[in-house]
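*Asks:* Sequence:
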Amino acid sequence: MDLEVLQQEIRSCTRCVDSGFIPHANPLVLGQPGATIFLIGQAPSRTDHESGRFYEGPAGRKLRGWFLDAGFEEADFGTRIYAAAITKCFPGRNPGSSKDRVPSPTEQKLCRHWLDAELAAVQPKALVLFGGLAIKTFLSKAPLEELIGQVFEKDGRLYLPLPHSSGASTWLNSAHNQALLAQALVQLEKLRECV
Numbered sequence: 001m002d003l004e005v006l007q008q009e010i011r012s013c014t015r016c017v018d019s020g021f022i023p024h025a026n027p028l029v030l031g032q033p034g035a036t037i038f039l040i041g042q043a044p045s046r047t048d049h050e051s052g053r054f055y056e057g058p059a060g061r062k063l064r065g066w067f068l069d070a071g072f073e074e075a076d077f078g079t080r081i082y083a084a085a086i087t088k089c090f091p092g093r094n095p096g097s098s099k100d101r102v103p104s105p106t107e108q109k110l111c112r113h114w115l116d117a118e119l120a121a122v123q124p125k126a127l128v129l130f131g132g133l134a135i136k137t138f139l140s141k142a143p144l145e146e147l148i149g150q151v152f153e154k155d156g157r158l159y160l161p162l163p164h165s166s167g168a169s170t171w172l173n174s175a176h177n178q179a180l181l182a183q184a185l186v187q188l189e190k191l192r193e194c195v
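Counted the way UniProt numbering counts, the sequence shown spans residues 1 to 195.
Hints in this document: simulated from the structure, not taken from any laboratory. Hints are supplied without guarantee of correctness; some may be wrong.
Stated by the list, open to error - In silico DSSO-like pairs for lysine-lysine, Cα to Cα no more than 30 Å straight-line:
id, residue 1, residue 2
1, 109, 136
2, 136, 154
3, 125, 190
4, 136, 99
5, 62, 125
6, 141, 125
7, 62, 141
8, 109, 125
9, 109, 141
10, 190, 141
11, 154, 109
12, 99, 141
13, 62, 136
14, 99, 109
15, 190, 136
16, 154, 125
17, 190, 62
18, 154, 190
19, 136, 125
20, 154, 62
21, 62, 109
22, 99, 62
23, 141, 154
To be verified - So the derived label-pair ranges between C-beta atoms look like this:
id, residue 1, residue 2, range
24, 78, 190, 38 to 48 Å
25, 173, 50, 21 to 31 Å
26, 113, 195, 20 to 30 Å
27, 50, 71, 21 to 31 Å
28, 26, 1, 14 to 24 Å
29, 167, 68, 13 to 23 Å
30, 94, 143, 22 to 32 Å
Even glycine gets a Cβ: it sits at the ideal position worked out from N, Cα and C.
Generate the whole structure from the sequences, applying the supplied hints.
*Replies:* Shown next as structure tokens:
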């Protein structure tokens, strides 16, 4: 399927609204044919939802900073880097909390065919998996400490796991885990040079 047609179909999706998970849909897409890197996160943030663009909130800005530190340019987002998520819409907050709600398995399933279709249309050389949900979905359920800092090859593609940069995550509070992130950013720079 043509990527532009696919993106139009994604933008018109209301499956999670129709199923009662979210009050209104605003599915996000950001990317072009020929992107060599496919970035997959958990779900758009509230800021992303309001701006209509992926990775615009505080965690997203930190992630973009990691990419810039690895030698990418801001213009690479949406061109060289196809930005996506396990679900296309902001899932809302956890009840009584300021933390974003993790999309339910049913919501993930409702969106999965869109993500698979995007991957098929874009045919990236590498997937950057941002956060635990993306890592568990596409790579491994192993602890992050066993995965971060390495590149994996599977089905003819490279996979680079990155921890989530949210302030709600305590994973990066450990000096050991910060060292693993530093290794991962070296790997991200190598990806930039080879794909």
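*Asks:* Compare the structure with each hint and give your call.
*Replies:* Structure-based check of each hint:
1. Using a Cα cut-off of 30 Å, the hinted pair residue 109 and residue 136 holds, with the two alpha carbons roughly 14 Å apart.
2. With a C-alpha separation of about 14 Å, the suggested pairing of residue 136 with residue 154 holds against the 30 Å cut-off.
3. Restraint check: the Cα-Cα separation between residue 125 and residue 190 comes to about 13 Å, which is no more than 30 Å; the hinted pair holds.
4. Annotation: proposed proximity of residue 136 to residue 99 holds, straight-line Cα distance about 20 Å (limit 30 Å).
5. With a C-alpha separation of about 24 Å, the suggested pairing of residue 62 with residue 125 holds against the 30 Å cut-off.
6. In summary, the hint linking residue 141 to residue 125 is supported, as the alpha carbons are separated by about 22 Å, within the 30 Å threshold.
7. Proximity of residue 62 to residue 141 is assessed by CA-CA distance (about 24 Å); at most 30 Å being required, the pair is judged to hold.
8. The suggested pairing of residue 109 with residue 125 holds, with an alpha-carbon distance near 24 Å, which does not exceed 30 Å.
9. Our distance criterion of 30 Å between C-alpha atoms is met by residue 109 and residue 141, whose separation comes to about 18 Å.
10. Between residue 190 and residue 141 the alpha-carbon distance is near 25 Å, which keeps this suggested pair within the 30 Å criterion.
11. In summary, the hint linking residue 154 to residue 109 is supported, as the alpha carbons are separated by about 22 Å, within the 30 Å threshold.
12. For a cut-off of 30 Å, the pair hint linking residue 99 to residue 141 stands: about 23 Å separates their Cα positions.
13. Restraint check for residue 62 and residue 136: the C-alpha separation of about 21 Å stays at or below 30 Å, so the hint holds.
14. The hinted pair formed by residue 99 and residue 109 meets the criterion: a straight-line CA distance of about 22 Å does not exceed 30 Å.
15. Restraint check for residue 190 and residue 136: satisfied, since their Cα atoms lie roughly 23 Å apart, inside the 30 Å limit.
16. As the CA atoms of residue 154 and residue 125 are separated by approximately 11 Å, the hinted pair is consistent with the 30 Å bound.
17. With a CA separation close to 19 Å, the supplied pair residue 190 and residue 62 stays within the 30 Å bound.
18. The straight-line distance between the Cα atoms of residue 154 and residue 190 is roughly 17 Å, inside the 30 Å bound, and the hint therefore holds.
19. Using a Cα cut-off of 30 Å, the hinted pair residue 136 and residue 125 holds, with the two alpha carbons roughly 19 Å apart.
20. At roughly 27 Å between alpha-carbon atoms, residue 154 and residue 62 fall within 30 Å of each other, so this suggested pair holds.
21. A distance of roughly 28 Å separates the Cα atoms of residue 62 and residue 109; the hinted pair therefore holds under the 30 Å criterion.
22. This hinted pair checks out: residue 99 and residue 62 have alpha carbons roughly 17 Å apart, not beyond 30 Å.
23. In summary, the hint linking residue 141 to residue 154 is supported, as the alpha carbons are separated by about 15 Å, within the 30 Å threshold.
24. Judged by the Cβ atoms, the range 38 to 48 Å given for residue 78 and residue 190 is violated: they are separated by roughly 22 Å.
25. Checked against the hint of 21 to 31 Å, the pair residue 173 and residue 50 passes, with Cβ atoms roughly 29 Å apart.
26. In this structure the supplied range 20 to 30 Å holds for residue 113 paired with residue 195, their Cβ-Cβ distance being about 25 Å.
27. Checked against the hint of 21 to 31 Å, the C-beta distance between residue 50 and residue 71 comes to roughly 30 Å, which is consistent with it.
28. Distance hint check: the CB atoms of residue 26 and residue 1 are about 22 Å apart, consistent with the given range 14 to 24 Å.
29. The hinted window of 13 to 23 Å between residue 167 and residue 68 holds, with their beta carbons roughly 19 Å apart.
30. Between residue 94 and residue 143 the CB atoms are about 23 Å apart, so this pair conforms to the stated range of 22 to 32 Å.
Of the numbered hints given earlier, the model fails hint 24 alone.
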